[in-house]
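In order, the protein sequences belong to chains A and B. Quick note on the working numbering: the first sequence kicks off at 28 and runs consecutively. Quick note on the working numbering: the second sequence kicks off at 50 and runs consecutively.
Covered by chain B, according to a simulated footprint, are these stretches of chain A (three or more residues, beta-carbon under 8 Å): (1) 42–53; (2) 62–73.
Pairs of lysine-lysine residues, derived as DSSO-like cross-links and limited to a Cα-Cα distance of at most 27 Å, are as follows: (3) B:Lys516 - A:Lys119; (4) B:Lys75 - A:Lys52; (5) B:Lys421 - B:Lys360; (6) B:Lys309 - B:Lys421; (7) B:Lys309 - A:Lys52; (8) B:Lys421 - A:Lys118; (9) B:Lys360 - A:Lys118; (10) A:Lys119 - B:Lys75; (11) B:Lys360 - A:Lys119; (12) B:Lys74 - B:Lys309; (13) B:Lys421 - A:Lys52; (14) B:Lys421 - A:Lys120; (15) B:Lys421 - B:Lys74; (16) A:Lys119 - B:Lys74; (17) A:Lys120 - B:Lys505; (18) A:Lys120 - A:Lys52; (19) B:Lys360 - B:Lys496; (20) A:Lys119 - A:Lys52; (21) B:Lys516 - A:Lys120; (22) A:Lys118 - B:Lys516; (23) B:Lys74 - A:Lys118; (24) B:Lys496 - B:Lys455; (25) B:Lys360 - A:Lys120; (26) A:Lys120 - B:Lys75; (27) B:Lys360 - B:Lys516; (28) B:Lys421 - A:Lys119; (29) A:Lys118 - B:Lys75; (30) B:Lys505 - A:Lys118; (31) B:Lys494 - B:Lys505; (32) B:Lys74 - A:Lys52.
Rather than coming from a laboratory, the hints here were simulated on the basis of the structure. Because the structure is a prediction, the values reported are computed rather than measured. Beta carbons: idealized from backbone N, C-alpha and C, even for Gly.
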Amino acid sequence: MAEGLMIGLVVFTLATFIGFEVINKIPPTLHTPLMSGSNAISGIAIVGAILVAGDRNLQLTTILGLIGVVLATINVVGGFWVTDRMLQMFKKKEA
Amino acid sequence: MQEFIPSVIELSYLVAAVLFIVGLKKLGSPATARNGNRIAAVGMLIAIVATLLHQNVLNYEMILVAIAIGSAIGALMANRVEMTAMPQMVGLLNGFGGAASALVAVGEFWRYITATPEVPLSETVTIVLSVLIGGVTFTGSLLAFVKLEGWISGSPITFPLQQPFNLTLLGAFLVTSGWLIVEPHQPFVFLGLIGISLLLGILFVLPIGGADTPVVISLLNSFSGLAASAAGFVLMNNMLIIAGALVGASGIILTEIMCKAMNRSLANVLFSAFGSAQTTTGGGGSSSITGDRALRQIDTEEGAMMLGYAKSVVIVPGYGMAVAQAQHAVRELADQLERLGVEVRYAIHPVAGRMPGHMNVLLAEANVPYPKLYDMDDINPEFDRTDVALVIGANDVVNPAARHDKNSPIYGMPILEVDRAHHTIVIKRGMNAGFSGVENELFFKDKTMMLFGSAKPVIEQLVSAVKEF
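Bound conformation, chain B alone:
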């Protein structure tokens, strides 16, 4: 019996890997996604049980206690978290995964130097790599979490000579790695490597602004997978290598999609805070709006009139709507309009919200059926036939300047073409510029009506006005 166990474990890992792939595939359609997630969870359970059968695993009691503690904390977090706080949650979990991978590598290294006189070169290299990726994922994710929670400012933090400093630090890491290969029995060299990795994670996220967090979260997601893969190379365990590679690939794809949606390269997102004086973080007060162009302002009565008599309405929600917690009011408005026979759809820009697909989750929470949510490419050709486009708390993603103004910082960014609709109503708190600091020419178009006020009360007033139709 005993000699079969290694094969049983390997076969269980194979089954788990297949379940992960099937689960991820099923996550591709809203109808099967929930099952897909469960299938992946079953795969994880199989992998964990199989590992407990391993002949070197004897410390059952303590491991089970550790699993119980982790499960309780995880379940509590997952139950309590608000949907608006999902980016923080995912960021924090990324960090824990990265830390676990790094701990595996550190533990293995310690076992080697206490048990054997020599550490094989390939082992040292994979351990160093694992510590680096895991460490960067850990502190980078924690900092992203702290920024998203608003404990520190979300704006880019820079200091003089930041880039040369980071490069020097990376160089120091390489030199120290070389030192460790020569003298593996010096604990302080290894501790130095751990320290540099943790510092690099912080320095990596520090200069990235709040509006770029979708990219950072996606990238850290990828890193957490790569960290697991690296730990798999340390232990020569295919389960870790495969699962980590799957997550690494998924994170890279999402990162690329986010970058494309903002028309920026990854390098630009990561390093643009240096030198270029870009972000004016949407602070208070109306910024420099040239006064000679006229805005058309309406009140909620007129707004309700326009919406109620329209045949088709497209709602464009931005993060401003989520911040104002107005999604339930928006859903109610849509219900009332549909009662009057108006066709209501939602247009979702890829970077609406704080992480990929965030807006879809927020609207799903407000009971908006997902077939009514349209991606940018699907809804843009429809604006020509739309009577009213209702923009709520979105700015840069609807700025027509991205199409034609070569001098605009957002030139080339794909936008929702609300200006092609017969009329556009923009609900906005004030005349602040968006994240990019660019004035939005949409607001000055003849067909655009401005409805100033905080999203939630404004929409609630629209609801009660429409109810009287």
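This is chain A alone, in the form it adopts within the complex:
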């Protein structure tokens, strides 16, 4: 278990650095779409919620997982959708 934890920490640290590198270059114009888009990515909790909700026997764990799936899906769908809505308005020339 402790070994898994170490691997997790390595993955987390490296991913954080990639995040810093990638996002540092994003211009202020796009900060709001960036935020709603990355917000949708944090809806990745849906993967965890599905795993927790996976058991066929309905019990407290499953119910909590299912509520988690609903909330995370709202986050994912709402986040990506609203970002797309914003980005389609960014135009180079006047329409």
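Let chain A serve as the given structure and place chain B on it in line with the hints.
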């Protein structure tokens, strides 16, 4: 076949992680951003489908129903929301993400204590951490949402001994965590931890004022990512850890940018409501303006004259413009001026609006092409060559006192240097001080003309006056 599935799932997660990174990278330029967002969405779809293949996932019907319900609500929200309400939307979504992560941890904990006599120490620690971050993100975001919607006052809410109380609560959380490690089978200890986490989220956002919401929203965005990462540690799932870390990093960067733009430290934003008597929330009535200095007031006819005969105009929109829903009128004014051969550009301060980049979205909605929007560092050297700077509903971000008056609370804050333009026109409802409660010396400069009135009708009058040129 069966033995390949775990590898297929892991490889799909890897593909999804790569798509998230590529998507975020493409979000870095307006031309590729829309594709970037779609690429990230495809990554999410792959991750979800792969997870459904997992051998422990059997409860398909209910999971699919849950996904359908969530999708319907999410799509409805995303379709209905006004662009001015984007901070609330993002705040609410942050909260849902945080809650989902916390629920994963709570569900896992319940599974452990019903199935096994012992909960491993590393598991308890990650679960506790996940509940804390997820819980704080959830209630903190909900409170930020309620404040932004105006259901409760946006001004900082404080009570005596707030800071010691919060520290005590945090201490109580640590003690209770220790208790849980010793006696994991006491449900009320775990419930206590959940309760404290939720309370901490509320107490964390309560003392933060409305003008600081860009910082809070960015920070909560980061938290929602960290919450997903923490849930990933609970499940030992790299997909959650990676995606959460990416979002955590992005939120931290935006938080830092916002703090820098207000020349304040993060600690100052989070805790300054204590003790220091700062904010006079821009209430009604003209505040203490020293009467002996003269304001130069003009009407819309004169304003239109100045704008129409200028060679170059820089428009400085503030949140006041968005509140007045004047962005479409502003765009029309710019169109009319361009028809006369005037060069029109927009200067965007990093904290204009209620969240990072908010003003850019509002102007994009009004069909302003994005190449005309200039960031602070790019437009400031241009003001020397600008005939008229038109300030609409902005105040502190154009106050020259930030440059030289060491006694001013906003000293050191980077500003848009509109006072360097040949002339400045300020459209303003009245003589209220800005968020910081500071009088703006820009208004009393010789080159500054005041145009009093509500932004939308004033600009519409300017449009019709310019049309007659």
